[in-house]
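Letter by letter, the chains look like this.
Protein chains: 6
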Amino acid sequence: MSFDHRDEHIDDDMLVIQANIDDMNPEFCSPVSDRLFAAGANDVYWIPIIMKKGRPGIMLNVLVQADKLEAMEQVIFTETTTLGLRYMRASCHRLGRAFYNVETPWGPISVKAGFYKGELVQYAPEFKDCERAAQQHGIPLKRVYEEVRAQFLQQRS
Amino acid sequence: MSFDHRDEHIDDDMLVIQANIDDMNPEFCSPVSDRLFAAGANDVYWIPIIMKKGRPGIMLNVLVQADKLEAMEQVIFTETTTLGLRYMRASCHRLGRAFYNVETPWGPISVKAGFYKGELVQYAPEFKDCERAAQQHGIPLKRVYEEVRAQFLQQRS
Amino acid sequence: MSFDHRDEHIDDDMLVIQANIDDMNPEFCSPVSDRLFAAGANDVYWIPIIMKKGRPGIMLNVLVQADKLEAMEQVIFTETTTLGLRYMRASCHRLGRAFYNVETPWGPISVKAGFYKGELVQYAPEFKDCERAAQQHGIPLKRVYEEVRAQFLQQRS
Amino acid sequence: MSFDHRDEHIDDDMLVIQANIDDMNPEFCSPVSDRLFAAGANDVYWIPIIMKKGRPGIMLNVLVQADKLEAMEQVIFTETTTLGLRYMRASCHRLGRAFYNVETPWGPISVKAGFYKGELVQYAPEFKDCERAAQQHGIPLKRVYEEVRAQFLQQRS
Amino acid sequence: MSFDHRDEHIDDDMLVIQANIDDMNPEFCSPVSDRLFAAGANDVYWIPIIMKKGRPGIMLNVLVQADKLEAMEQVIFTETTTLGLRYMRASCHRLGRAFYNVETPWGPISVKAGFYKGELVQYAPEFKDCERAAQQHGIPLKRVYEEVRAQFLQQRS
Amino acid sequence: MSFDHRDEHIDDDMLVIQANIDDMNPEFCSPVSDRLFAAGANDVYWIPIIMKKGRPGIMLNVLVQADKLEAMEQVIFTETTTLGLRYMRASCHRLGRAFYNVETPWGPISVKAGFYKGELVQYAPEFKDCERAAQQHGIPLKRVYEEVRAQFLQQRS
Chain A
1 MSFDHRDEHI DDDMLVIQAN IDDMNPEFCS PVSDRLFAAG ANDVYWIPII
51 MKKGRPGIML NVLVQADKLE AMEQVIFTET TTLGLRYMRA SCHRLGRAFY
101 NVETPWGPIS VKAGFYKGEL VQYAPEFKDC ERAAQQHGIP LKRVYEEVRA
151 QFLQQRS
Chain B
1 MSFDHRDEHI DDDMLVIQAN IDDMNPEFCS PVSDRLFAAG ANDVYWIPII
51 MKKGRPGIML NVLVQADKLE AMEQVIFTET TTLGLRYMRA SCHRLGRAFY
101 NVETPWGPIS VKAGFYKGEL VQYAPEFKDC ERAAQQHGIP LKRVYEEVRA
151 QFLQQRS
Chain C
1 MSFDHRDEHI DDDMLVIQAN IDDMNPEFCS PVSDRLFAAG ANDVYWIPII
51 MKKGRPGIML NVLVQADKLE AMEQVIFTET TTLGLRYMRA SCHRLGRAFY
101 NVETPWGPIS VKAGFYKGEL VQYAPEFKDC ERAAQQHGIP LKRVYEEVRA
151 QFLQQRS
Chain D
1 MSFDHRDEHI DDDMLVIQAN IDDMNPEFCS PVSDRLFAAG ANDVYWIPII
51 MKKGRPGIML NVLVQADKLE AMEQVIFTET TTLGLRYMRA SCHRLGRAFY
101 NVETPWGPIS VKAGFYKGEL VQYAPEFKDC ERAAQQHGIP LKRVYEEVRA
151 QFLQQRS
Chain E
1 MSFDHRDEHI DDDMLVIQAN IDDMNPEFCS PVSDRLFAAG ANDVYWIPII
51 MKKGRPGIML NVLVQADKLE AMEQVIFTET TTLGLRYMRA SCHRLGRAFY
101 NVETPWGPIS VKAGFYKGEL VQYAPEFKDC ERAAQQHGIP LKRVYEEVRA
151 QFLQQRS
Chain F
1 MSFDHRDEHI DDDMLVIQAN IDDMNPEFCS PVSDRLFAAG ANDVYWIPII
51 MKKGRPGIML NVLVQADKLE AMEQVIFTET TTLGLRYMRA SCHRLGRAFY
101 NVETPWGPIS VKAGFYKGEL VQYAPEFKDC ERAAQQHGIP LKRVYEEVRA
151 QFLQQRS
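Residue numbers (our numbering), protein chains in the order written: chain A, 1 to 157; chain B, 1 to 157; chain C, 1 to 157; chain D, 1 to 157; chain E, 1 to 157; chain F, 1 to 157.
Check each hint, because a few of them may be wrong.
Note that the list lumps identical chains together, so a pair holds whenever it fits in one copy or between two copies.
[Stated by the list, open to error] DSS-like mimics (lysine-lysine), calculated; alpha carbons at most 27 Å apart, straight line:
#: 1; residue 1: 53; residue 2: 117
#: 2; residue 1: 68; residue 2: 53
#: 3; residue 1: 68; residue 2: 52
#: 4; residue 1: 52; residue 2: 112
These aren't lab readings, by the way, just hints derived from the structure by calculation.
Predicted, not measured: the structure shown is a model, and the values here were computed from it.
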């Protein structure tokens, strides 16, 4: 199955999978996320929660297409300490996306733009590009980031 | 469409809309909430989360009637930085509500009461009224709040 | 209705019940959880949230079988301060479970194990047993906990 | 060393001890707190934090008299997984305290009151008393709690 | 006592005042902050914490000059439910500050700039100005905010 | 200046530097941490807080030797959006440390051990080693981690 992510679309066949975890070393969170992304998760995020007996637990959340449920379960059950998980149906609305190059004093930097009903509503410099430019040129990251945004804005108008 | 919010009721046609945001200045949260309420949201709340690469993000949550989905999307896509959102079906059970006036040394103050199967289970002084009374009379807010609760309790029995 | 929790199973008839609470003394959280568990909740947990006007609220979450909705509502409406709640359908996937006894220098301690498709994927010492052993013998809890895990691992291989 | 906690006082010889923990099973938090209180801590609390590599850690905080530092360190180093801790000097200002009995339909309940410069500024029903009364009489805890507060308020005026 | 906040400076005579609160209705947080600011606090912020018996509490933090300790205590003890507070010495390093006007299609908007050792390191549009412009002209707030930042950047270079 | 980190020691000349940030894109947190560590910070961590007007901000915390204050300020003022910071004196107590090699079916893995008054109180597999072994051998990370802990425990006794 394949579709073009560049067009705005709604996907009605998504799941939010959740597991409450109160007995796992938090160091494991990051590698668990990595494995879930590698197995096809659209998004992985963690929410601090308070569990039974006031334990400061953490809730794993995975946003994924319904047909990848089993792949997610495989990772969650073998890589975390949970004895159970739950999932709920969800629909996802994703903006149209396009990438642009912006010229800066520190080289070209990619900007991801989002379109809602054909109109530009979001634009964000690729963070990795900005980090690399900042490191190579020994300048503050936020200066690069701001410059790219300002340049993009100017080129659009 | 209109119905009387004073009666206890269940609304099966609600949505919880969510968007994970890791690249927005948090100052925007409050005006985004304002616009969502203005466009018809029943509730708006924010949950601190941990996103990809350990970024401290924030999850926007909107509780709203299903027929207002598009109005919410319009606000979320134009006022936040997200490139996508998701929504899940939900049912809401709301208590019957009534308002009472309670006389206090600092003037009348409104109390909102909640009824479950006809029985009074909640009562809360209107916070704005208490704040105004506290400010006008130069007394601690919590003293006003407590007094109103005690008066209401006494009048009921 | 009754089924054997020792087998791995999926329960498609679950609800996640939620209520946002911004005007309740947090001391009440723990007794509210107790009452919900007593009335049949499978899990109860609390999520710190930010509500209208920037109030630091807390979201009550209850995971429960759909046929216990009313019992949960009874507790939530009479024991918390909320004027409404919402619920969403969820499916739960629970691992097969078995209990083992592990011999330690401080007496036998129970270990709960989880099985995914028949394979052992989780094992955790019963926390209460470890606490009791640590207290009786005046040794660090983590030492008991570790010892039990190591013993279990050794006996399995 | 002993002094009367019933009088308002300032204690300039306090420490706040902190340890960032990102590799401990959160189940341990509660027994660690218990041991610290048993060893003389004035207060123990946990703060969710985000640590190196985006790990969702937790910061242990202990408020304690400076002469009990070593007793706290003994517990922290043997019962948690931390390899280090830090402490800062602090002064504590504690209100004068007194206890009152309030008669209720469910028996007498103790109320703790706080005095600032001789004036009553706080009063709170003993939570354990309220819980017991609520359980024995099968009534909502919040109803007991409110009744006690209202009674106390009435008796004072 | 008065000094010019426009120059970069270090203030060695500051306090961080803290109070852990687990029995206060969170609605009170915002008015408590207002009163503390009105009484001279430099900053007020709240940290979600987990207290004794796993209660989800909240820690009040006040950053203030040492000579205003008593004014802060007056507010904290009369407006919150705490029976005690603590404070620690702190030094504050504040950047030099200046305000600029930036012309935009929606009128002039003020920008606050920060200087470290004489060099511009921060600049931020006044949020209130941006909100007003966005509301008056019916455009997204983030568009105003971005435009102002881009204009400021361009005028500087 | 140099001393042997392998011995248990107390460092009385530490600072905790803090800055409350409510207008920074959270993507910046991770690179800011990297730069602070590169400039000599002992630890960097972030605490979710609620700031003025209910904004969900984040507090940057840096633990560092007092003589590196200026290097930290340079990074904080140029890489974050804050207009000010504060710092408090702290003492650090660090355990003695030693590294051991443990043989496993997946090759040798390093274990970091902590000593309090000469006694072993902590031991933790190097997380990076475990991750590498798990990836190379296609086995769950937690299995590697547990095996190493069990092996270390066995070799010690």
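Evaluated hints:
| no. | hint | in the structure |
| --- | --- | --- |
| 1 | 53 x 117 | neither (48 Å within a copy, 30 Å between copies) |
| 2 | 68 x 53 | between (34 Å within a copy, 22 Å between copies) |
| 3 | 68 x 52 | between (30 Å within a copy, 19 Å between copies) |
| 4 | 52 x 112 | between (42 Å within a copy, 17 Å between copies) |
Comparing the model with each numbered hint stated earlier shows that hint 1 is the single one that does not hold.
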